[in-house]
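Visitor: Sequence:
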Amino acid sequence: MVDSGDYPHHARRGGCRPWDVLLAGRVSLRVVVARHLTAVVIVPVVAGGAVATVLLLAGTEPAGAVVHGAGVGVLGLFFVALAGLTAQVFPARATATGAAVALLGTGLLARMIGDGLTELGWLRWLSPFGLLAISEPYAQNRILPLVLLLSAAVVLVGAALGAAGHRDVRGGLVAPAAGRQPQLTLLSSVGGFAVRRLLRPLTGWALGVGAYYLLIGCTAMSVTGFLADNPALAAEAARAVSPRSVRSKGSPRLCSRCSPCPSAASVQFGCPPSPPPRPTAT
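Numbering-wise (the working numbering), the sequence shown opens with residue 1 and increments by one.
Source of the hints: derived by calculation from the structure; they are not laboratory data.
Incorrect hints may have been included.
Stated by the list, open to error - FRET-style restraints, in silico, Cβ to Cβ: (1) A232 with L126: 34 to 42 Å; (2) S189 with V209: 53 to 61 Å; (3) V89 with Q140: 34 to 42 Å; (4) Q140 with A232: 21 to 29 Å; (5) V209 with G162: 35 to 43 Å; (6) A159 with P201: 27 to 35 Å; (7) G192 with V31: 49 to 57 Å; (8) V223 with V190: 43 to 51 Å; (9) L227 with L148: 29 to 37 Å; (10) G98 with H166: 18 to 26 Å; (11) L186 with Q140: 22 to 30 Å.
Here the structure is a predicted model, which is why all the values come from computation and not from measurement.
Yeah, the Cβ is synthetic: ideal placement off N, Cα and C, and Gly gets one too.
Construct the entire structure; sequences and hints are all you get.
Guide: See the structure below:
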């Protein structure tokens, strides 16, 4: 029989007994990851339920409230699963977080391009934000996009648990480089060193600015095509942008208190009326 006096004092003080240690058994890394994911998953589930509950208490349409709350919760589940997968792939926290944020930004950009350009509207089906928009709560109340998003989250959770069983503690599927050859490019001068230090941030900013103006260009093309198909709306837009382009029938008369503009435009755009002429003394 093993005497408890053979164990350290802190174990005896905390109530730890020898048979408790034996009954604890071995906990695999996959089980640990599953427990962590379960703890984090509670947050988006509670958030989605709270959103739906508040909308229902506010008196909104029940179907729209449920779809919107479910969309918020499922979107959170997707990104929890995505972060769990990247944490198993990359050993460093910064790399895993950067990869998850990059995928989040890619999904948001795909949704924005799909909304801005009709020809690329199918990109919304490849983005979690796009699937959330396609569900159209309080309008169509579609369930299929949310089911697809939930299925993708389940697949990511399975992939994360599978990856956890194939890596070591404090490791990842992508092993860090044990060593690398010294890179001496652009280190022969101070100016070259400065250029080398600027290459990565400059490349990142260039890609970001390029993606932003790509989105602006796609949006401009979509708006231009929409106005081309609606002449009346295009005329109203041109009139709102350039008030002086409005011309009344006949010869225009000028206002006395503002810059020269047609009399019809002065009434439409709020210009003060011209004062009546003063009578001349005879």
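Visitor: Taking the numbered hints from earlier one at a time, note which ones the structure violates and give those numbers from smallest to largest.
Guide: 2, 11
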